[in-house]
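Colleague: As a plain string of letters, each chain reads:
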Amino acid sequence: MKKNRSTSSGFRAFFAVIWRNPLSRIGFIILLVFLLMAIFGPLFIPTLKSNYAARLQPPSAGHWLGTDMAGKDVGLQLILGSRDVLLVAAYAASFAILFACVIGIVSGLRGGMVDEALMLFTNVVLTTPSFPMTMILSMVIRTTNPLVFGLLLSLWSWAGLAKAIRSQVLNLKHREFIEASRIMGISQFNIILHDVVPNIVSYIAVNFISIMKNSITASVGLMILGLAPYQGNHWGIMINVAISQTGALLGSGSMTYFLAPVTCLMLFQLGSYFFATGLDEALNPRLRS
Amino acid sequence: MTLVTVFFAMVVMFLVIQNMPGDPVETLAAEISRTENLEITLATQKAISILNYDPNVPTMERLFKYVGGILSGNLGDSLVYRKPVLTLVMGALPWTLLVLTISLSLSFTVGVLMGIFIAWKRSRWLNSALTVWQSIFGSIPEYIVAYLMVFVFAVTLGWLPSRAPYSATVTPGPNWTFISSVINHAILPVMSYFITTVASWTIGMRANALSVLGEDYVAYAQARGLSQKRILISYVGRNSILPMITSLAVSFGFMFGGSPLIENLFLYPGVGYYLNQALSRRDYPLMQGMYFIMIVVVVLSGFLAEKIYAVLNPRLRER
Amino acid sequence: MSTPILEIKNLSVDFVLHDRKLRACDDVSLTINRGEIVGIIGESGSGKTTLASGILNLIRAPGRVASGEVIYHTRDGKSVDLRKLKEDEFAKYRWTNLTSVFQAAQNVLNPSLRVREHFLETVRAHEPKAKEADVLAKARELLSQVRLEERVLDCYPHQLSGGMKQRTIIALSLILNPDIIFLDEPTTALDVITQWYIIEILKKIQKEYGLTMVFLTHDVSIIGSVVDRLAVMYAGQVVEFGPVLDLFKRPTHPYTAGLMNAIPSLRDDVSHRKAIPGHPPDLMSLPDACRFSPRCSHFASGVCAGDRAKTDTLYSSRPDQLTRCYSWEKVFKS
Chain A
1 MKKNRSTSSG FRAFFAVIWR NPLSRIGFII LLVFLLMAIF GPLFIPTLKS NYAARLQPPS
61 AGHWLGTDMA GKDVGLQLIL GSRDVLLVAA YAASFAILFA CVIGIVSGLR GGMVDEALML
121 FTNVVLTTPS FPMTMILSMV IRTTNPLVFG LLLSLWSWAG LAKAIRSQVL NLKHREFIEA
181 SRIMGISQFN IILHDVVPNI VSYIAVNFIS IMKNSITASV GLMILGLAPY QGNHWGIMIN
241 VAISQTGALL GSGSMTYFLA PVTCLMLFQL GSYFFATGLD EALNPRLRS
Chain B
1 MTLVTVFFAM VVMFLVIQNM PGDPVETLAA EISRTENLEI TLATQKAISI LNYDPNVPTM
61 ERLFKYVGGI LSGNLGDSLV YRKPVLTLVM GALPWTLLVL TISLSLSFTV GVLMGIFIAW
121 KRSRWLNSAL TVWQSIFGSI PEYIVAYLMV FVFAVTLGWL PSRAPYSATV TPGPNWTFIS
181 SVINHAILPV MSYFITTVAS WTIGMRANAL SVLGEDYVAY AQARGLSQKR ILISYVGRNS
241 ILPMITSLAV SFGFMFGGSP LIENLFLYPG VGYYLNQALS RRDYPLMQGM YFIMIVVVVL
301 SGFLAEKIYA VLNPRLRER
Chain C
1 MSTPILEIKN LSVDFVLHDR KLRACDDVSL TINRGEIVGI IGESGSGKTT LASGILNLIR
61 APGRVASGEV IYHTRDGKSV DLRKLKEDEF AKYRWTNLTS VFQAAQNVLN PSLRVREHFL
121 ETVRAHEPKA KEADVLAKAR ELLSQVRLEE RVLDCYPHQL SGGMKQRTII ALSLILNPDI
181 IFLDEPTTAL DVITQWYIIE ILKKIQKEYG LTMVFLTHDV SIIGSVVDRL AVMYAGQVVE
241 FGPVLDLFKR PTHPYTAGLM NAIPSLRDDV SHRKAIPGHP PDLMSLPDAC RFSPRCSHFA
301 SGVCAGDRAK TDTLYSSRPD QLTRCYSWEK VFKS
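Residue numbers (my numbering), protein chains in the order written: chain A, 1 to 289; chain B, 1 to 319; chain C, 1 to 334.
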């Protein structure tokens, strides 16, 4: 019987699985393009200057995607915006995962009253609709920089993941290697770090992308409603301005100003979805055929 | 359990709102003092009585008062609309429920039927089409779909209206013109929800149906010569649909959560719309009221789904 | 009084996996007489369940019936080759003439339907106009035959024990007055007391309704008390067929002899029992020799050459007894 080498050769095997599945390959490429755009794009673009004489122009040779209401090139704005989009989403996902891990792991390992109390809290957060709550919280927390914005978005998104992590931890808790660690007197913290976390990493990785995707949806939603006075460039702001101030939906020539960020958003979400599916398959050996 | 959730959520929301920057009393007092030419202290008192809100009272006491108010049906008065919040809530709720229940029912029914069909037929083409649909429409937020639909169907083609729950020229009442106008105006919002959610119901049902089709009792049914129709309905259908019932409540809550955006776009006077209005105009009582009703409805729907499941599942029915 | 009810002639069933063919049933021929109980015994993978599925037209992709005839002689004297029927024509015989009882451990009852609905839907699938009262009356009668109470009709499957489910399925198989019942491991996965109980019930019903039964199992120890004639299958082929007592006492195939030797008895010492060494062959890569030869002590000792061509037919070893071992006279000297 052939030995399954995928489990041992780490990265290479991992990418092989991602690459093999056509959908996840596409997703990976899309995300990579955006990532590169976000990291390197702004380095090459000078600060855009307003040019009111050239506002709201349709696509042309000089401006591939037209100009916005201040005469700035839409295409360049998209590139600049990609950095903020990714940054905010990454922060949001990181915070959410942090909260979920802390609560899930503590709840799972401790059990008893602590578990019950934490789960009650988690259930409440889970049941209450998250977007409206995020809307309300956006009034309390001023979202001027990506970190704070990310934190805001994460506040109501960790609950589902926390429950899942808790059940994984409960599963692991009774496995031999943890019992062994405990018997050997290794501190709880070390148990968490070395025994529990490696086993849930794959689960977290897949969810990272999903949470990023959801955060982007939520953040754009907030911007469209005018509840997030974010200072930087962000596709959501572009969409918001396009709708509210240029009447893009009424069929004016600034349709590209609206469609461009929307398309970018759609592409990014699509890429995330494909990649997350591929990631799930890559990290979860059971799903591989 | 449900009561605890509602209570707890409400407390959290209350505390968050109470701690928001901006003092409504001050703002209103300033306005009153300006428009009615009152001295500021008198204006403040008047503001307090209008708003039913005294910033000098400690938060806990305010909380108790609010809870007491809820139990007696008083949710305060809206700052912006100068009407009891309860009235506004009761006026807005039916609209949101209308759109949401139609969307969910449509999405669920179509999804379930499609799921069984695709599982039964095992057609590669259908399965791929489903994956493509879900990838695209499952990732795009429903409000973007809504925007695009408005652009195509309302602005460009002019086939469907893009705002309001019913046409302004129609008088509300149990008459056909009103009802048809309501339906007409609800089509785009419902379609936005439908397009983005139908695929996930189909996929879920397909998975359940596939696993049921592999069960021994289906083979035994075929051995006994039961018709395909009977097997699809009473064997595959009944046994695959059960796990989906609990997802109904989750989906409902999720759709409710998205309502501010959809209702904002379509100027549809539902709970989400008013919540959004309240937020952008700092109307705290209205905010609290709308959010409260949202929590209550979502939690109730979860409760209802549980009960329905208990009734439908034979194992839980007979005690 | 022994008129044939079912004549299986050269039935072969293949499974196609990744362009390779697995012949689960190889050229099986058996004749089953009306009113008798025939047992088919064999290890897992011997092909007995596939044989039953092939007869009952229940083979699904990637399996298919490659060749053969299954002639069914009805009560009114008609004869029809079941293999030549399309599914909707076959459906007419399903359950009204040929029924099957599956293993108890399998969940063959719809968890969402009460037992009563199972009876109703089965009858209505064949007689759409049947009245509910009539069907339930008959159901109650059958249930009492299998010693189940009336209240079982109102139960859901999860409320019944394994033995009760098995008896329900037996009753369900009789609802349309069939001719012949195929029972696939009807007592496996039940405790020994229930096993005995079910077998008593089966014998009683068989006598009462004059049914023909085909009893498939791998459990040699129970089959002796039930069947009239026994067919032994190995690696997809019938290796011996004859009256059960003859097979027990005077087997003419080494495999049968090995099986009989392996049955523990209350009377003698377990140490006298011997399991058959080795394991069944891989049907995808059969040796070009007698299929049993790797495990046959007579082949090992050189008494028999294990010539494959000679094992392609059955030989008449005694009156009414057929064997595939061409060296049987040498091997079984009595």
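Note that these hints are calculated values from the structure, not bench results. Errors might be hidden in some of the hints.
[What the hints assert, rightly or not] A partial selection of chain C residues facing chain B, derived with a Cβ cut-off under 8 Å:
(1) Ser29
(2) Leu58
(3) Trp95
(4) Arg116
(5) Glu121
(6) Gln145
(7) Phe299
Beta carbons: idealized from backbone N, C-alpha and C, even for Gly.
Colleague: A separate judgement is required for each hint: does it hold in the structure or not?
Modeller: So, going through the hints one by one against the coordinates:
no., hint, verdict
1, Ser29, "violated (24 Å)"
2, Leu58, "holds (6 Å)"
3, Trp95, "holds (5 Å)"
4, Arg116, "violated (13 Å)"
5, Glu121, "holds (6 Å)"
6, Gln145, "violated (19 Å)"
7, Phe299, "violated (39 Å)"
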